[in-house]
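**Student:** Letter by letter, the chains look like this.
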Amino acid sequence: MITVENVDKHYGDFHALKGIDLEIESGSLTALLGPSGSGKSTLLRVIAGLEIPTSGRVILDGKDVTNLAPQQRGIGFVFQHYAAFKHMTVRDNVAFGLKVRKKPKTEIKDKVDELLRVVGLDGYQQRYPSQLSGGQRQRMALARALAIEPAVLLLDEPFGALDAKVRAELRTWLRRLHDEVHVTTVLVTHDQEEALDVADTIAVMDAGQIAQTGGPRELYDAPVSDFVMSFLGPVARLGEALVRPHDLELSVDARDGALEAQVVRVVHLGFEVRVELLLAQAGEGAEPVVAQITRAEEQALELSAGDIVWVRPVLAAA
Amino acid sequence: MLEQSRSTRITLRCVALAYLALLLGIPVGLVLYRTFEHGVGAVWDSVTTPAAIHAFSLTLEIAAIAVPLNTVLGILTALVLVRGRIRGKAILEAIVDLPFAISPVVVGLALILVYGRIGWFGPWLADHGIAIIFSLPGMVLATVFVSLPFVAREVSPVLREIGDEQEQAAATLGASSWQTFWRVTLPAIRWGVAYGVVLTVARCIGEFGAVSVVSGKIAGQTETLTLLVEKRFTNFDLAGAYAASALLAIIALATLLAMTRLNPRKDH
Ligand SMILES: Nc1ncnc2c1ncn2[C@@H]1O[C@H](COP(=O)(O)OP(=O)(O)OP(=O)(O)O)[C@@H](O)[C@H]1O
Ligand SMILES: [Mg+2]
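Same order as they appear, the protein sequences are chains A and B. Residue numbers for the first sequence, in this note's numbering: 1 to 318. Residue numbers for the second sequence, in this note's numbering: 1 to 268.
No wet-lab data here; the hints were simulated from the structure. Bear in mind that the values here come from a model prediction, so they are computed numbers and not experimental data. A hint or two may mislead.
To be verified - Restricting the straight-line Cα-Cα distance to at most 20 Å, the calculated cross-link-like pairs of lysine to any residue (SDA-like) are:
#  : chain 1 : residue 1 : chain 2 : residue 2
1  : A       : K109      : A       : D92
2  : A       : K86       : B       : W182
3  : B       : K217      : B       : N235
4  : A       : K103      : A       : G37
5  : A       : K102      : B       : Q179
6  : A       : K18       : A       : A207
7  : A       : K103      : B       : A188
8  : A       : K103      : A       : Q71
9  : A       : K86       : B       : Q168
10 : B       : K217      : B       : D237
11 : A       : K102      : B       : T180
12 : A       : K99       : B       : Q179
13 : A       : K109      : B       : R183
14 : A       : K102      : B       : K217
15 : A       : K99       : B       : E167
16 : A       : K86       : B       : L109
17 : A       : K103      : B       : W178
18 : B       : K217      : B       : L109
19 : A       : K99       : B       : A188
20 : A       : K86       : B       : G39
21 : A       : K86       : B       : N235
22 : A       : K86       : B       : D237
23 : A       : K18       : A       : G37
24 : A       : K99       : B       : K217
25 : A       : K99       : B       : T180
26 : A       : K99       : B       : S177
27 : B       : K89       : A       : K86
28 : A       : K86       : B       : A188
Work out the full structure, taking the sequences as your base and the hints as a guide.
**Tutor:** Here is the structure:
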C-alpha cells in the first residue's frame, strides 16, 4: 500500500502540491488524472523519490520512505519518453536493474527472456532502442521496470507519446498485464478515457490538490464538483446545473422544472441521437446545449431544426 | 530541404575543398614534402639525435600527465555545470573559459610570478628544494592550464542534450550514482569525451607559448618538440625543423585514429 500524507511541494515560490493525502491499495491500478500542470507528475515523482517533498510523508507498505533515495524504494518507474538506455541493446536495457544487483548471469538471462516474452518483444533481444517503434520502446521500458520485481509500478503518461490506436491497444494490454502480475500500479494520465478504461481507482487532481478519489463509476455518477464532472466526460449546462447529455429529457409540452429551448440541429449517430438546443433564456452567441437521446425517443418527438422543446434533467438521474 | 542544383553543389564543394587545401592541405603537405625531400635516412638521423629523442619523450610525458588529468577534471566540471544544483555556475563557466581568453604567454608569466624564484611561493619552494619553474612541474602546470577547457566544453552540450531521464531511470532501477555514471552517463557522452581528448592532446603536444616561458628551454632537459622545432628553425636547421614538425603531426594523427577506433554503435 502507498500512503501519501499531507505532502506539500514548492518549487521556489510556486506551490505545486498542496496538502496531498492519498491512499493506494496494494495490488490496485490507480490513475492520477488531471489537466496539464495540475501536479500529477510531481506527485508521482515524489512517490518515486525523484523529488523530495517540501513537507509531508510518503509511506510504502508501512515503511516511511520520505527520505530514502529512489534506489532504496523498490519501485519501477516508466517515463513518458521511455528513457531507454540508447547505447544498450534491448537485452541489456531490461537486464540493467538485475546487473547492478549483481545477480548471476544465467538468472538474468532467463528473467530477461521471460519478461520480453511477457511484453511481446521476444526475438528483439539484440536490437537497439533506436531500432524499435515507440510502442515497442515503451514495452521494453516496462519490462525493464518489472525486472527488479518492484513493489510499486509508477507510470508517467506512458502512452502519451504514441498515436491514438497504439495507445488504446497498449492500455488494454497494460490492464491484462496488471491482472496477471498484480503489482500495485499508479498511472498518470490527462486522458479521462484512458483512466476510466484501465483504472480501478481514479484520483482527480486540480491545481496541486486531489479533487476526488473513487472508482470510475463513482466519479462519473457522483462527482463532488463541477470540475470533476466536466473532466470525466461530456457535460451540458442547464442554467446553474451541470448535467450529462444522456441525462436530459426532452418534451414537446412544458413540464415541471423544464426550460424552453429551440432545436438547432439533430444529428443521428446510429443508435443514439444528438440534439443541439439553444435555450430560450441563453443570450446571443451562447453555446448550444447538447442532449443525447435514443432513436426511439427521437422518433416519438419527431424533432427537426427550429422546433421548440422543453428540456430538463432526467429526474431519476442517479 | 531545398533542392540544390547540380552546379551549385559542385561549386560549393570546390570552394570548401579549395579553402581546406589552402589553409590546411598545402602547408601540412609542404612540411611533409620538405621533410622527406632528402630521403628518409636524413629524417631518421635528425629525429634520433639525443636532443630530439629527449624532446619527444618529454612531450609525451607532459601529455601523459596533462591529458588524463584534464579529462577527469573536464568531465567532472561538465557534470557540475550541467547537472549540479549549485550557485555561482556563471562564475565557474567563466573560470573554465579563462584559458581560452588569456594568451598562453601571459599564463607562463603568471606561473613565474607565482612559483618563480622571486614569486609568491618561490622562496618557500627553494628552501624545500622543489623546482617548478624551468623544470617539468612548471611545464605540466602550464600545459594543464592551457588545455583545461576542451573536455568540459565538448562534454557539456552532450550532457545537456541527453537530459537526465536516463540517469533517473537508472536510479529507480537501483543503480548507485557511481554505477549510473559508468554504465549510463559515460557511454552516452563518450563521443564528446573522445573529441575533447583529441583536442586536449593536440593542444598539449602543440603548446608553445606558455611552455616556452616557464621551461627555460634547456636543451636535453626542458625542451619539448615544439621548442625544438623553434630552436632548429632559428638556427637555420630547416630540415631538422621539418622533421620534428612531421613527428608532431604524426602524434596528432595517431591520436585522431586511436579515437575513431572507438566505433560508433547504433545508438542514435
Ligand atoms: N522543476 C520544476 N521547477 C519549477 N516548477 C516546476 C518544476 N516541475 C514542475 N513544475 C511546475 O509544477 C506544476 C505541476 O507540474 P507537473 O509536471 O506535476 O504537472 P502535470 O500535472 O504532470 O502536467 P502534464 O500533464 O503537463 O505533464 C506545473 O505548473 C509546473 O510548471
Ligand atoms: Mg506530467
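**Student:** Each hint should be assessed against the structure and marked as holding or not.
**Tutor:** Now the hints, each set against the structure:
no. : hint            : result
1   : K109/A - D92/A  : holds (10 Å)
2   : K86/A - W182/B  : holds (14 Å)
3   : K217/B - N235/B : holds (14 Å)
4   : K103/A - G37/A  : violated (40 Å)
5   : K102/A - Q179/B : holds (12 Å)
6   : K18/A - A207/A  : holds (8 Å)
7   : K103/A - A188/B : violated (24 Å)
8   : K103/A - Q71/A  : holds (16 Å)
9   : K86/A - Q168/B  : holds (14 Å)
10  : K217/B - D237/B : holds (17 Å)
11  : K102/A - T180/B : holds (14 Å)
12  : K99/A - Q179/B  : holds (10 Å)
13  : K109/A - R183/B : holds (18 Å)
14  : K102/A - K217/B : violated (54 Å)
15  : K99/A - E167/B  : holds (16 Å)
16  : K86/A - L109/B  : violated (47 Å)
17  : K103/A - W178/B : holds (18 Å)
18  : K217/B - L109/B : holds (15 Å)
19  : K99/A - A188/B  : holds (18 Å)
20  : K86/A - G39/B   : violated (51 Å)
21  : K86/A - N235/B  : violated (56 Å)
22  : K86/A - D237/B  : violated (54 Å)
23  : K18/A - G37/A   : holds (13 Å)
24  : K99/A - K217/B  : violated (53 Å)
25  : K99/A - T180/B  : holds (12 Å)
26  : K99/A - S177/B  : holds (15 Å)
27  : K89/B - K86/A   : violated (29 Å)
28  : K86/A - A188/B  : holds (8 Å)
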